[in-house]
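**Student:** Residue-level listing of the chains:
2 protein chains.
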Amino acid sequence: MLAEIITIGDEILIGQIIDSNSAFIGKELNKIGVDVLQITSIRDDKQDILNALAQAEKRVDIVILTGGLGPTKDDITKHTICTYFDDELIQDTKVLRHIEKLFEKYISTPISDINRQQALVPSRSTVLMNLYGTAPGMWIEQNDKVFVSMPGVPYEMKGLMKNEVLPRLQKRFDRPHIIHKTVLTYGMGESAIAAKIEDWEDNLPSFIKLAYLPNLGSVRLRLSGRGTDKKLLEDTIENRIEGLHDIIGEIIVGYEEDEKIEVRIGQLLIKNGKTISVAESCTGGKIAQSFTSNAGSSAYFNGGVVTYATQSKIDVLGVDSDIIEKYTVTSAEVAETMAATVKEKFKSDYAIATTGNAGPTKGDGDVEVGTVFIAIATPEKVFSEKFVFGNSRERTIGKAVAKSFELLLLELKDAHN
Amino acid sequence: MLAEIITIGDEILIGQIIDSNSAFIGKELNKIGVDVLQITSIRDDKQDILNALAQAEKRVDIVILTGGLGPTKDDITKHTICTYFDDELIQDTKVLRHIEKLFEKYISTPISDINRQQALVPSRSTVLMNLYGTAPGMWIEQNDKVFVSMPGVPYEMKGLMKNEVLPRLQKRFDRPHIIHKTVLTYGMGESAIAAKIEDWEDNLPSFIKLAYLPNLGSVRLRLSGRGTDKKLLEDTIENRIEGLHDIIGEIIVGYEEDEKIEVRIGQLLIKNGKTISVAESCTGGKIAQSFTSNAGSSAYFNGGVVTYATQSKIDVLGVDSDIIEKYTVTSAEVAETMAATVKEKFKSDYAIATTGNAGPTKGDGDVEVGTVFIAIATPEKVFSEKFVFGNSRERTIGKAVAKSFELLLLELKDAHN
Chain R
1 MLAEIITIGD
11 EILIGQIIDS
21 NSAFIGKELN
31 KIGVDVLQIT
41 SIRDDKQDIL
51 NALAQAEKRV
61 DIVILTGGLG
71 PTKDDITKHT
81 ICTYFDDELI
91 QDTKVLRHIE
101 KLFEKYISTP
111 ISDINRQQAL
121 VPSRSTVLMN
131 LYGTAPGMWI
141 EQNDKVFVSM
151 PGVPYEMKGL
161 MKNEVLPRLQ
171 KRFDRPHIIH
181 KTVLTYGMGE
191 SAIAAKIEDW
201 EDNLPSFIKL
211 AYLPNLGSVR
221 LRLSGRGTDK
231 KLLEDTIENR
241 IEGLHDIIGE
251 IIVGYEEDEK
261 IEVRIGQLLI
271 KNGKTISVAE
281 SCTGGKIAQS
291 FTSNAGSSAY
301 FNGGVVTYAT
311 QSKIDVLGVD
321 SDIIEKYTVT
331 SAEVAETMAA
341 TVKEKFKSDY
351 AIATTGNAGP
361 TKGDGDVEVG
371 TVFIAIATPE
381 KVFSEKFVFG
391 NSRERTIGKA
401 VAKSFELLLL
411 ELKDAHN
Chain H
1 MLAEIITIGD
11 EILIGQIIDS
21 NSAFIGKELN
31 KIGVDVLQIT
41 SIRDDKQDIL
51 NALAQAEKRV
61 DIVILTGGLG
71 PTKDDITKHT
81 ICTYFDDELI
91 QDTKVLRHIE
101 KLFEKYISTP
111 ISDINRQQAL
121 VPSRSTVLMN
131 LYGTAPGMWI
141 EQNDKVFVSM
151 PGVPYEMKGL
161 MKNEVLPRLQ
171 KRFDRPHIIH
181 KTVLTYGMGE
191 SAIAAKIEDW
201 EDNLPSFIKL
211 AYLPNLGSVR
221 LRLSGRGTDK
231 KLLEDTIENR
241 IEGLHDIIGE
251 IIVGYEEDEK
261 IEVRIGQLLI
271 KNGKTISVAE
281 SCTGGKIAQS
291 FTSNAGSSAY
301 FNGGVVTYAT
311 QSKIDVLGVD
321 SDIIEKYTVT
331 SAEVAETMAA
341 TVKEKFKSDY
351 AIATTGNAGP
361 TKGDGDVEVG
371 TVFIAIATPE
381 KVFSEKFVFG
391 NSRERTIGKA
401 VAKSFELLLL
411 ELKDAHN
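Protein chains in written order, with full-length UniProt numbering: chain R, 1 to 417; chain H, 1 to 417.
With the rest of the complex left out, here is chain R (with noise of 0.2 Å):
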């Protein structure tokens, strides 16, 4: 089963808007043993998504369009369906009483004929009704094919994604068996891990494919497989993450598919009854952010400072300015401080600090731009490394998280293993 998917918009052509919808409507796809051949990204132009909709329709089985289907001017996705499929709009009862609803409970201003005008579908469609938003999904199969048109608002997508879409394909088609498993690693760069690995690699079973993902200090290793028999495809990957392990053991951290550095770093501390806190100075706030982006993160996650001026450091860390003055604020003494100090003022039992210049400029201390001192606070010690991240203002700050990440995770996996 091979699909498509087509993101239809002017906004995401000349980037003002990333398509994220794509990532997410790739990966649920995946999961059902459906795989994505192609994205294209095209404009709200209709000879433009005509052209799309042909070329997609002889490569694959099941089209995804998102986009274009807003209550205003510059969006003509269902005006081009109907072209397409030569077909015309009528309209559909439930829906309108449905956006009707959504007026009447959320919405302050009244309803107006635009807004009526979105139960218009394709009479030849089958509407996918979106809970979240005013803009009806539509299914429509021809020669055997799905045709599958969505709002592009990303959280009223994977709604209809999740309540509507993948349902019907599962119903709809056979489909192979895929499994992912991911393994973590830190410390070790791409290219001396395909050294290592070159033999191994070498001997893997044509249906199980490999793949890098590196990204700010680890690198992912994918294996992917695919075939009829479920069991087989487990018990190989299994078994070939098990001859991995001999090879590589010692900068494999985890092995779970799509997981994060932070999310790991949170299971582990719940799993010992630890909470952490942060105190940041060039990541920002990133850290924190990094946490607290997840879910539960409450069990753990005590807090922390952004002592982003160098006063702030003294005013509400309580850093001594004399151990400022002397090391200066972008020192290995500074970050052991704040780390001590946040994990003491939150109460914690480990903490992060991070002292240190993303640039462009070199503010308030006199250190090379991109340079960064780390310190981890554990329940025994307080210990910190010196970073040189280079002059990328956004790569420096998400090194300095990524590297932040690493060092507390090897101390948690050393301190409870």
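Each hint should be verified, as a subset may be incorrect.
If chains are identical, the list can't say which one is meant, so a pair holds when it fits in one copy or spans any two.
What the hints assert, rightly or not - PhoX-like cross-link-like pairs, simulated, lysine-lysine; straight-line CA separation at most 20 Å:
id, residue 1, residue 2
1, K78, K94
2, K58, K46
3, K46, K209
4, K230, K181
5, K386, K105
Hint data in this document are derived by calculation from the structure and do not stem from the laboratory.
Start from chain R and add chain H according to the hints.
**Tutor:** Chain H in isolation, oriented as in the chain R frame:
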């Protein structure tokens, strides 16, 4: 001038990563007057890459490829490019020396043959030096069309675009003028705006396009003009925006292109010599992180606290436990106390505080999931508002951050206009 972006990598199609490269490339091309007609994401598959290249060559003048240039076996772009252009790989000594230098300077593992192979490039290509990594960019011309291949690592690709690709494209092609101007509105929905400005929109000249870009409580209205007469474009857009101001002036909060609201806040704070700090509970550091992700934020952002656990609001921020007991932790009183306290602690002029429950469970408080109180402290006053954002954790956090910025911006506009 039309361009197509082709991003290569299984990890995009199975949704393991979000393709943010295309948005960056699209935005940069657009700025120099190159229109992106299509973004195509495909698998690491030789035939798929060949097909995509052939189709793109028919459609556009410029084809930009990213991805598949890593040192490992699953990266096949370079070999496929050779097939497509009937070319062969040769070693580029300048690139080889660059790779060896990077290894000497930054990488602890010894250089391997796999690393050295990254210095192989198609003989017909012009090498684009990648200052931030080992895989070079490549520029190939054929039948008056330009093909560019870059690595998929975002900061490497960004460096290549800025240093090499954009300057070369500007030299190579004549382009029309493109001008975008974006009007940032807050507090009215997309369809309500559309109804209000219908006549205005109908009367836009054909060389000006309007797009609605809704995002968490704000709607951006983007006017795009294209033509050979730059002055006419600028004057017309200016004039039409004045007309827009007459109709919906009360919801317009900013004008600049692509402007993030936190950047606009930063500009107003700097202009008036004021500073800000934040106290975050449910937003978990995202407000601090939004400010600090922008270069220059240390001029106005003093810092913040993430008091995630209830106890930390008392211990760290000094919120009176009686207030929490009397009004509960998710209350206007606690939000306002947090704002006033953090403002004082960080010696700032303004402060934002959030307290609420982003879900999925009820947590410390006993309010409905999705309830958030946002407090703003100004030099003159402290006030708060209550919001109920619904069941999605991600959306509640996002909306709370957006609403915080909206409330603050209105204060700054009032204070300094």
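**Student:** At most 20 Å between C-alpha atoms: does K58 with K46 qualify within a copy, between copies, both, or neither?
**Tutor:** This pair counts as both: shortest intra-copy Cα distance 19 Å, inter-copy 19 Å.
**Student:** Between K386 and K105, at a C-alpha cutoff of 20 Å, which is it: within one copy, between copies, both, or neither?
**Tutor:** between (54 Å within a copy, 16 Å between copies)
**Student:** How would you classify K46 and K209 at a CA-CA limit of 20 Å: within, between, both, or neither?
**Tutor:** between (39 Å within a copy, 15 Å between copies)
**Student:** Checking an output row: K78 and K94, CA cutoff 20 Å. Within, between, both or neither?
**Tutor:** within (18 Å within a copy, 53 Å between copies)
**Student:** Indicate which option fits the pair K230, K181 if close means a Cα-Cα distance not exceeding 20 Å: within, between, both or neither.
**Tutor:** Only inside one copy: K230 and K181 sit 14 Å apart there, 54 Å across copies, limit 20 Å.
Checked against the numbered hints above, the structure violates none of them.
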